[in-house]
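Using the sequences and the hints, build the whole thing.
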Amino acid sequence: MNIIETHKLTKYYGKSRGIIELDLSVSKGEFFGFIGTNGAGKSTTIRSLLGLIFPTSGEAKIFGKDINRYKTEILSEIGYMPSEANFYSGMKVKDIISLSAKMHKKNCSDEAKKLCERLALDTEKRIEELSLGNRKKVSIVCALQHDPDLCILDEPTSGLDPLMQREFFDILTERNKSGATIFLSSHVLSEIQKNCSRAAIIKGGRLIAVDSVENLSKTNAKRVTFHGITSVPEELFAKSAQINGDSVTFLYNGGIKELLGIANSLPIYDMTITEPDLEEIFIHYYEKGNEEK
Amino acid sequence: MTIYIKELKQGVKALLIWTASIAFMMLVCILMFPEMKGEMDNVSEMFANMGGFSAAFGMDKLSFGDLMGFYGIECGNILGLGGGFFAALTAISVLAKEEKDHTAEFLFTHPVSRFSVITQKLLSVMTQIIVLNIAVVAVSLISAAAIGEEFQIKEFALLHIAYLIMQIEIACICFGISAFIRRGSIGIGLGLALALYFINIVCNISDQADFLRYITPYAYSEASDIISEAKLEAGLIAIGICISLAGIITAYIRYAKKDIAS
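As you go down the protein sequences, you meet chains G and U in turn.
Quick note on this note's numbering: the first sequence kicks off at 2 and runs consecutively.
Quick note on this note's numbering: the second sequence kicks off at -4 and runs consecutively.
It should be emphasised that the hints constitute simulated quantities derived from the structure, not laboratory data.
Each statement offered as a hint is correct.
Under the rule of at most 25 Å between Cα atoms (straight-line distance), these lysine to any residue pairs were calculated in the SDA-like manner: (1) Lys66/G - Lys252/U; (2) Lys223/G - Ile257/G; (3) Lys195/G - Ser159/G; (4) Lys103/G - Lys8/U; (5) Lys103/G - Ile0/U; (6) Lys204/G - Glu85/G; (7) Lys1/U - Pro149/G; (8) Lys204/G - Ala256/U; (9) Lys107/G - Ile0/U; (10) Lys4/U - Ser90/G; (11) Lys252/U - Tyr13/G; (12) Lys93/G - Lys92/U; (13) Lys4/U - Met92/G; (14) Lys149/U - Val132/U; (15) Lys1/U - Ala15/U; (16) Lys106/G - Met92/G; (17) Lys223/G - Thr38/G.
Residues of chain G placed beyond 10 Å of chain U at every Cβ, according to the derived structure: (18) Lys62; (19) Cys117; (20) Glu118; (21) Arg176; (22) Ser198; (23) Gly205; (24) Gly229.
Glycine is no exception: its CB is placed at the ideal position from the N, C-alpha and C atoms.
In structure tokens:
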């Protein structure tokens, strides 16, 4: 069964574009990544899925049910972490957590306590005293304490330190193993590559690729820099090559052994191979899209 | 009920401050009454000769010399304005503040329908207005007892019922507006309450502006009319109730389909 399913989901804010004819499906138990730059439509998609905004056309279903018709029923099984964690000022952390639990009509104080301990969150503090990272932690507890079937997380790691990020993904992986579906939106590619089984890339309001992370990574170009030469051998089919002093940097989209074989015969004194940043992935996918046309 | 209680908790400070301020001013006014009573014969005559100014505040129909008349004018203005402002401020921000403070995403991603959120928020506003009025009535009765005077019970009751309905009407109008706005709520609320108050003053001064009486809830809560005639104007109150219902229904319709800003 598909946990999330959208059909030609479209949202315009007045005349400005949100998302266009989005067909997305996420099946049960997936750890799904949703990649895109700022303004690509990630949050619009998520906010439509949660019924915060109403689509201009198209439809979206969660757990097989129409979102706007069965909203409360669906929301009771969703844990949502917004990209910006804001809470009622004047309240203490524990008040917010228990308010969230009450609205879910569940007693989850044990689970909340465990999560707070793991995240080292001080529940006696007032909301307005919290740093961004700590507000994120409150958000995590509110999203996970009622043991939801589906976690929707919008750029969850911003503001969290690396140790907390690791703890957070450990928790998510545990939840995923015990059956929860995870929908993770991010612009940090490594995060998606490390944790997700499948991912979608959104740009300009449209999905431009949906595949397993393995396949996306395979087709992903590498950013290669050769030091010592200023032109790229033709047989590498390099893209967007840039010369910089005595070195040349380019996007390479092939097998790593062939690259090393060719590199071996070149008069280079050093080389680096790195993951391209997200922008380059987009360039890659866009160029691919254009070639196919 | 969770959101209802949350709203009351969030609003308790403002409610206490407004209630205490209004009740304190009423208390001071009533305690001043015995002292003023002796000098009132001259003052009443003076007010009676001030024409339009007296009419604006209903002082042409009431006597400063007895407690009920004095209460209607002095305390009527305090509760009329203070209660009206409180109702406007509380109601205009109750929906809008979720988006203004960016807490809407938190609230509306919980399994609570928008219908239920609106209902609980509306009830919390009504509760706060009723609490404020009960507290003010209690303080008035105690203060009157303290100076050894008594209100005319029927007029006193009618006056306060009218004030309560007036505040609820202002709250309902503002509640309807609150569903549309995301920020700038306080200015709109205060401006609206003040405008309605001045419309009534204009009505009192000029006969030509009489049609404005159908617009403002201050018309049916005019102390001078209620105390001198010992009855409420059912027609005006009926209009007021219709306007209130329109405000509430508008809020439900608008908010049910509103795109919530992050």
